[in-house]
Every structure is written in structure tokens, then in C-alpha cells.
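Order-wise, the sequence lines are chains A and B. Mapping to the working numbering: the first sequence position 65 is 65, numbers consecutive. Converting from the second sequence to the working numbering requires adding 1000 to each position, the first position being numbered 1.
Simulated from the structure, these hints should not be mistaken for lab results. This structure is a prediction, so every number in the text was calculated from the model and none was measured. Careful: at least some of the hints might be erroneous.
Here are the computed lysine-lysine pairs in the DSBU-like style, where the Cα-Cα straight-line distance is at most 30 angstroms [claimed, not checked]:
#  : chain 1 : residue 1 : chain 2 : residue 2
1  : B       : 1135      : B       : 1231
2  : B       : 1006      : B       : 1294
3  : A       : 229       : A       : 189
4  : A       : 182       : A       : 41
5  : A       : 261       : A       : 351
6  : B       : 1231      : B       : 1264
7  : B       : 1135      : B       : 1047
8  : A       : 326       : A       : 229
9  : B       : 1043      : B       : 1135
10 : A       : 326       : A       : 393
11 : A       : 394       : B       : 1294
12 : A       : 156       : A       : 261
13 : A       : 321       : A       : 94
14 : B       : 1264      : A       : 254
15 : A       : 94        : B       : 1264
16 : A       : 84        : A       : 59
17 : B       : 1231      : B       : 1006
18 : B       : 1294      : A       : 393
19 : A       : 229       : A       : 156
20 : A       : 196       : B       : 1135
21 : B       : 1231      : A       : 156
22 : A       : 59        : B       : 1264
23 : B       : 1264      : A       : 156
24 : A       : 229       : A       : 82
25 : B       : 1264      : A       : 291
26 : A       : 261       : A       : 321
27 : A       : 291       : A       : 326
28 : A       : 63        : A       : 82
29 : A       : 94        : A       : 156
30 : A       : 94        : A       : 351
31 : A       : 196       : A       : 156
32 : A       : 291       : B       : 1294
33 : A       : 229       : B       : 1047
So the chains spell out like this:
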Amino acid sequence: MNLHEYQAKQLLARHGVEVPGGQPCTTADEARAIAEDLFAKGQEMVVLKIQIHSGGRGKGVFKDGFKGGVHLCKSADDVHEKAKAMLGNTIVTKQTGEAGRQVHTLLVASGEKIVDEFYLAVLLDRETSRPLIMASREGGVDIEEVAETNPDAIVKLQVDPLLGLRPYQGRNLASALGLDGKLIHSGAKLISSVYKTWWECDASMVEINPLCIIESPDGSQKIAAVDAKISIDGNALHRHKDIAEMRDLNEEAKLEVEASKFGLNYIKLDGSVACLVNGAGLAMATMDAIKHYGGDPANFLDVGGSASTEQVTAAFRIILKDPNVKAILVNIFGGIMNCNTIAEGVVAAVKETRLTLPLVVRLEGNNVETGDSTLANSGLSLITADSMAEAAKKVVAEAAA
Amino acid sequence: MAILVKPDTKVLVQGITGSFGGRHTQLSLEYGTQVVAGVTPGKAGQKFEDTVPIFDGVAEAARETGATASAIFVPPPFAADAILEAVDAGLELVVAITEGIPVRDMIEVRAAIQGSATRLIGPNCPGVVTPGTGKDSHGGCRIGIAPGYIHKSGDIGVVSRSGTLTYEAVWQLTCNGLGQSTCVGIGGDPVPGSTHLDIIKLFNDDPGTRGIIMIGEIGGSAEEEAAAWIKENCSKPVAGFIAGTTAPPGRRMGHAGAIISGGKGTAEAKIAAMEAAGISIAEIPSQMAEALIKIL
Chain A
1 MNLHEYQAKQ LLARHGVEVP GGQPCTTADE ARAIAEDLFA KGQEMVVLKI QIHSGGRGKG
61 VFKDGFKGGV HLCKSADDVH EKAKAMLGNT IVTKQTGEAG RQVHTLLVAS GEKIVDEFYL
121 AVLLDRETSR PLIMASREGG VDIEEVAETN PDAIVKLQVD PLLGLRPYQG RNLASALGLD
181 GKLIHSGAKL ISSVYKTWWE CDASMVEINP LCIIESPDGS QKIAAVDAKI SIDGNALHRH
241 KDIAEMRDLN EEAKLEVEAS KFGLNYIKLD GSVACLVNGA GLAMATMDAI KHYGGDPANF
301 LDVGGSASTE QVTAAFRIIL KDPNVKAILV NIFGGIMNCN TIAEGVVAAV KETRLTLPLV
361 VRLEGNNVET GDSTLANSGL SLITADSMAE AAKKVVAEAA A
Chain B
1001 MAILVKPDTK VLVQGITGSF GGRHTQLSLE YGTQVVAGVT PGKAGQKFED TVPIFDGVAE
1061 AARETGATAS AIFVPPPFAA DAILEAVDAG LELVVAITEG IPVRDMIEVR AAIQGSATRL
1121 IGPNCPGVVT PGTGKDSHGG CRIGIAPGYI HKSGDIGVVS RSGTLTYEAV WQLTCNGLGQ
1181 STCVGIGGDP VPGSTHLDII KLFNDDPGTR GIIMIGEIGG SAEEEAAAWI KENCSKPVAG
1241 FIAGTTAPPG RRMGHAGAII SGGKGTAEAK IAAMEAAGIS IAEIPSQMAE ALIKIL
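Isolated chain B (complex conformation):
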């Protein structure tokens, strides 16, 4: 079992003809993911790598191919429109990989999609992976840009704001023989489609998930909100890591959302909230899997 996507989930890619989108679509196909359609306005009738049909719009692509999830690689000025198009087409899951979408666009998107059945992950995220059972986890569903081979099918859920820290956690788990149910990168932007809490609730309800690693960083209060919920409601062991203990206040640390402002969003406050919720904290990033193993 898994959350959000299963190995047989049919995926379409918005922005499939761009170099970045194309490269990662190719890697997803090689991983065994069911990429069934691409969308690039004006290029309907063409095929990606001679196999994946391209459509002008998302609604038609979904109707013709049965795709239920989308990966968005559209450039930042057009990405909010691409998200709204995918939501309007009634997709179950939209994963926005694009980095650099204006905050105002995402404020509008968040308000506009409230109440819709679509779940948005990202933007500015590595995507979602539900590992397969083949060699190097081949045969899984990979939406986004994460390296597929580091995964292993199993029962640990991973949720994180950072790409490379997710890969570190996944690799540590895999090296320790612990596979993953699903790994979700929720992205480093200040207005995310889904929060830690949204994903942790899904993991808590998923019978295929036994334990959870939650990776956060400075900025905002999403980790504190997740910790408060976990304390009262989560039935599964959770380990965590927060990046940015040494980050100076008022500076944006790479991610648009990673900033301590007005004394809020510090690593100390997040770690304290997580410890108070009984979450096993990794003091350094090399110990993320270890922190989970000792409470499993």
C-alpha cells in the first residue's frame, strides 16, 4: 500500500517538451512509471520519444488516456495557470515541480482550489515516489525529479520540504534495509499546496505505512502544526529532522520559504514542538533513519 500514487497510477506531464520536463519524463519511463500523456499547447498529435502522445490541453489528455495525476514542469510565469488547468480537468493529484512561481500566483491558486477534490503537491518540490518491487525499486510510480534507484519498496513514509534531504533520508532507510511506502516532497515555497500535516494524516490512515520520517526546515510554522496534531492523533512512530539551526535570521536560505522573520520560524521552536510531541529527533542529518529505527 501507499499514499497518493500506486505503481499503476496513470500520469500525464505538463511541459513534457521542455528540456527539464523531457529529461525527467524519460527517467520516469525508465523507472517503469505509467506516463501516458504529455501536454504542450500547440503540439497535439506529436509523440514524446515516439511513445507518449502529446495533447494541447489537460482535459483532453486525461479523457483520452485515463490519466489521474499530473507532473508540472511548466516555466514559472505560466505554472499557476497550468495548475489551475489540471485542477479544472478534475485530476486527483497535481504535483508542481516548477521552482520560482510568484507567491501571489500561489495565493490565488490556493484560494481558487479550496474545496476541490484535487490534491496539490508543491510547487518547488522534488515530487512523489511510490517505489516498485523490481531491481532498484523499478516498476514504481515516480512523479518529479527524485532519483528512482535509491528507493526500496516497504512501509516507511517520508515527507519533506527539501529535495536532497529527502534523498539522504531515503538512502539511509534503504541502506538499513527499510523500504518506503511513499516519499513526498512538499516543496520549499512559502505557499505550498500540501503541508506536512496533510501528508502525515494520509500516512496515519495508510495501513501500508508503519513509521514516518518528517523533515522540516526554518520558516513558517507548518512543522509546529504537524507536531501538535501528531501529539494528539498519530498512532505511528515519527522521527524528524529540522534544517537551519545555524541559519541567520532575516536571510532566505535558498528556498523561498526558508526564512526566519520577526523571530518566527526558528529551528529551535520547531525542534521543541516536535520533541514535545514525542517525535524522535535526529540531531544531524546522518541520523535520520537511526532516529526512526530506535522507536520502531
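Here chain A stands alone, though its shape is the one from the complex:
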């Protein structure tokens, strides 16, 4: 589950990480009030940032032509005007796709004087099954680009999960980032707090980019998380009720949210050949087979190991809400699941949804003979296939017809 920047900063602050002062808001009047408060405290600049689950917000363009989802403002009036232009408006960034994303929330924060920028992230190292801290002197830029053009600029540190991050490791990392003097200690403390946030919140990833040395008007320096991204392990939300409440359904595709209510795992794609499969691996492989025979998959859909008639019907309804779909492939390996149960579910679903699109069904496994005859005697004009290859070929041909 992904969090917004302001939510990530709340979690980080709770674990002792310094973040620039500010508040989220949903109206331009609120934005003005928060900005006035920050200016009253002596801030010279206030930064206004849209809160959507996407990178590249600053360079995004709104559908009405308004440019940029991040703005530095010198007055409360300016904040009000920009907030008004962005709230409710839809922005397109390099990650949102053409449809873009509607803006519901803004973060109004102090615009800090930045002296230096770094990158810091904590994630799982899948090769070793241990936590990995990644840091770089090159902050504020795309880390994947740094990894390609200047891999030596990235420092990696593995953490023993049973010991946790030791203070000396934090100091070494701070020093590798070029911090010195007092900043070694505050840097080490910040790294330790970021690690603690990752561990205690069951995060899949915490990414702070940029991590900044900021300077107060009195000339004193400190290290703060100026931008932050956190994603949480969905399987651990049962022990984080407060974080679970941070879920923003506005940021999730409507069909995917609806599918999850029926225990279906659905991901919408751009093609025209829909598929309905049991098992995640087989569902991916079915998409690949569609592509292999020249089609483009419209979705990933795993109905799970014991799909009921109700689930199959829900799956059809969700598939049919995608206007790009031209043909549907049902691919089931009935291991424990009875193929006839699936066949009956398919027949019921086709009748209930009054399906008019071509439908190819491939059943294999437990009680497949009865399942096939249920399909054959249903009076429906569906196409059957004996192998996955044949099924994929047929459905691609139907979609192209």
C-alpha cells in the first residue's frame, strides 16, 4: 500500500526524523491559513505540493494547461491562487498515464534553504533476505539513473535484522555521504530513525529523496527529509490500524478496488484480450501466451484457488467494464477445484451478464469431461480449446476479427 508524501512524513516524524513544518489540506482557504501561519513564524518561502501517488509531480502538466504540481510561493495570496488552480484539477505526469490523476489534497510546507542534497532508502534485499540501506551523495535525482551512470556514488549497507542497525554503521554511512563534524552524529541519528520507521511500520520501502542539509535563518544546519515516499507491506496492516486508515482509494483504479472486494486479483492493462485464470503464475503465463500469438492482454486476473460462481460472475462483470475488451479467455487448471464447478460458474456468469463478446474456454484437470459437457450443453455460443496454446491462438483471432 502506497502512502502520500504528507503521510510518509507523519510516520517519519513519529520516529524522530526531522521534516519541514507544514500541513495537508483539501481547500484553497485552508492552504492560505497554513501558509499564513508559516509566514508568521518567519518563513520566507512556502512550498505547495500536490499529494498524488506518482513521481514527477513538479514536471506534470494539468489538463487545463496549468503547469507543475509543486510551487514555491512568497505570499499567502499566491498560495491561495495556486491551490485553487490545482485542487480538483487533473494532472498528467510521466507516471500517471494519459488519463492523469485528479488532485484532492495539497501539502503546504515551509520552503527550506537547502545547502546540500542526498538520497536515502531502506528496502528488502531479496538476494540475502535482509534489510538494505541505500544512500547516495547525488540527491534529488532519479536513483535508477544514478545506478546506471554513476554506480560508485551509491553506498549500500546490509543490516542484520536480529541486531538492528548499530550506531557505528549509521556513523560510517553518514561519513560515506561526506557529512562531518556535528553532522556525522545528526546524520547517523537520522539514518537510524529512518531504519526504525521502515522496520516498525512494516514498510516495503522508505525512500527519502532528497534528504537535505537545511540552513535556518540563524545559520545553523540540520538534516531533514524534504521529500519522502513510503509503501507498506499490505500483509502486515493487521498490526497497524492507524496506517491502514491512510489508504486513499482515490489513488487506486476503481475496477481493481471493486475486484478486491470479491477476493479477485485484477490489474487493468491496455490490450483487448481479457483473461480469467486461477493462480497468479498461470494468470501471468496466460497473458504471455496471448502476447506470444500476437494479441495484447487487457488484464491480469487471478480468481484464486477455489473460485465460486459468485466470484466468476463478479470477474466477468469487471472484465466487461473495460471498453477495450474484444474477446475473453477463461483458462483454468482445476487441480483440487472441480472443472464442472467452474464450467457451471462460467455458464451462469455468461447468462447473467448477457455476454455478447466471443468467449474461449480452456479447462483442464479434475472432472474436466463433465465440465466440457456442461459447456457444450449450455446452449451458449462459446469456443472451447484443449490446450493453452490453442486457446490463446483462438482468442487472439476472435479479438482481431
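With chain A held as given, fit chain B onto it using these hints.
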């Protein structure tokens, strides 16, 4: 011969009184598997289906019945504890079927069991099957949730991250007259107890295994690591399939571990590494058995 389990391996089931665990214990018993004990804290003294004694803890269950392997069907919030209990009881094999265990729990489990003699398979996996020689492979050892009847006793090893793709491969082999030594589902989670490589080493050392099918998917680099080892060390023919060529980056494709992140874990990279290791690649999943047969 086989790896991990033999038809006479004695198995206990943690979470035997849950509906899912109970149903699959019943299917294992019908398959002829030696399920000798169940564990559900607080239900000691009861019996599962009037035959299998239930104990409060794993250590006692193992001591009383001689069980050396465990199947874990315990719900996700309690599953890591169940794994550690089984390891602490000194079982040789622990197979965690449970899907949805928090990653942090598995990071701790992996670190805690390092150096122990127990082999952990899973979590989020279909389990392990060593087929028997009876009708529809009856009499084998089935730990987990795979359909027993699709198997056939023989000499091909199968290792996979996905349940239904394993069944596809097994069924293709069986339909082509090729039996299996052992089929191992290592699971779809990002922190698995055993990797492709761990299992392929066991198959390579097993005189009863003649050829191997390795099924992978996007996410992580376990397939690349296995391929590198196979290139230098494996003496047996290996065929493979990778799912997820069409998966969009940054999206979790059903399995918690099936995600391309930061440009890493793509199907293309895995297929290239496997081809470079001389592994016969099935382009589509219907060709998995075929890909192996042509190099046997």
C-alpha cells in the same frame, strides 16, 4: 528415489483443525500420505477424523509420533511463530503453505533459522509431492495443497514459484508418460525459505532424478542465481519457463514477490540468463514438458 520426502515420511500438520488445513489433510490421507499428528494449541487429546491424534505443541507431537516433516496451515499473523516452533522441535522439513505472512516476520525467521538443520519450503506455496506407485500415484507423500492424481512416479524433478504452473508442468509430464521424482513449490513470496538453487542442488545430487523443470516468474534474481550455478555445476538437463513477459513494471502480479522494481527482476533478464546456462526454454507454458523432452 526422491528429494525432501519419501512415501514413508511421517508428517504432522500445524493448523489441522482449520477448514483449509483440515480439508487438505483429508486429501493427503486419501492419497496415502503418512499424516501421523496434528497440532492445534488447546486441542490436545482430540483426534482429526477419528484417526490422527492432535497435540498442543510440535515438540511433543514429533516425540510421540516420530514425525519428521510439518505442513503449516496456520493463519498469517501466527505463521512465523509456527515455523519457529517446528524448527525448534528439530524437524527435518517444514513446509509453510500459508499465504500472506508479513515480510518482516519472514526476514526474522530466515535470520533466526540460519545454521539450523531444518529445511524450510515456502511460505505461500503449494507444497511438496513425491508421487507414489499406486493408481493415480497413490501412496506418495503429499504435503500441502497440490492435486495428487495428476502426478506419476518417475525421475523428473520440478521446482516452481507458482502453484498452478507447477500443476500444468506436472500434468504435461504425466500425459507424456514422464513421471516425477519430487515436485517442489517454493512459493511466491519475496522472502522464501528455499530458493530454486537450493532445490536444484538437491535434484542434482539425487540419483533418482534424471532431468529438471524449473519454473520462475518476474521479481528478484533467484532464477539468475540458479542459472549461473547450473551453467557451471549441474550434470542434468534442465528445462525452464518464466512467467511475466507481459507484466507491467512496478505492479505486484498476484504473488507478493512477483514485481519488477527499479528495472530489476524482468522476465527478459531471467530468460537470457537461463538460455546462457544452456537451459531449454519453453516459450509458452504449454511447452514445458516438450522443452525438457527434447534435451533428455
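For each hint, the structure was consulted:
1. 1135/B to 1231/B: Status violated; Cα separation ~37 angstroms.
2. 1006/B to 1294/B: Given that 30 angstroms is the threshold and the Cα spacing comes to 28 angstroms, the pair holds.
3. 229/A to 189/A: holds, 19 angstroms
4. 182/A to 41/A: Between residue 182/A and residue 41/A the Cα gap is close to 26 angstroms, so the pair holds against 30 angstroms.
5. 261/A to 351/A: holds, 22 angstroms
6. 1231/B to 1264/B: holds, 21 angstroms
7. 1135/B to 1047/B: holds, 28 angstroms
8. 326/A to 229/A: Violated. Residue 326/A to residue 229/A sits at ~38 angstroms, over the 30 angstroms cutoff.
9. 1043/B to 1135/B: The given pair, whose Cα atoms are some 35 angstroms apart, is violated under the 30 angstroms limit.
10. 326/A to 393/A: This hinted pair holds, its Cα atoms lying about 14 angstroms apart.
11. 394/A to 1294/B: With a Cα-Cα distance of about 27 angstroms, the restraint between residue 394/A and residue 1294/B holds, given a limit of 30 angstroms.
12. 156/A to 261/A: Roughly 40 angstroms separates the two Cα atoms, so the pair is violated.
13. 321/A to 94/A: Holds: residue 321/A and residue 94/A sit about 26 angstroms apart, inside 30 angstroms.
14. 1264/B to 254/A: The given pair, whose Cα atoms are some 28 angstroms apart, holds under the 30 angstroms limit.
15. 94/A to 1264/B: holds, 19 angstroms
16. 84/A to 59/A: holds, 18 angstroms
17. 1231/B to 1006/B: holds, 29 angstroms
18. 1294/B to 393/A: Holds, at about 23 angstroms.
19. 229/A to 156/A: holds, 19 angstroms
20. 196/A to 1135/B: violated, 55 angstroms
21. 1231/B to 156/A: holds, 29 angstroms
22. 59/A to 1264/B: holds, 25 angstroms
23. 1264/B to 156/A: Given pair residue 1264/B, residue 156/A holds - Cα atoms ~17 angstroms apart, limit 30 angstroms.
24. 229/A to 82/A: holds, 24 angstroms
25. 1264/B to 291/A: Roughly 21 angstroms separates the two Cα atoms, so the pair holds.
26. 261/A to 321/A: holds, 16 angstroms
27. 291/A to 326/A: holds, 15 angstroms
28. 63/A to 82/A: holds, 15 angstroms
29. 94/A to 156/A: Status holds; Cα separation ~28 angstroms.
30. 94/A to 351/A: Not OK: residue 94/A and residue 351/A at ~41 angstroms, beyond 30 angstroms, violated.
31. 196/A to 156/A: It holds: about 17 angstroms lies between the C-alpha atoms, which stays within 30 angstroms.
32. 291/A to 1294/B: Holds, because 24 angstroms separates the two Cα atoms, which is no more than 30 angstroms.
33. 229/A to 1047/B: Not OK: residue 229/A and residue 1047/B at ~51 angstroms, beyond 30 angstroms, violated.
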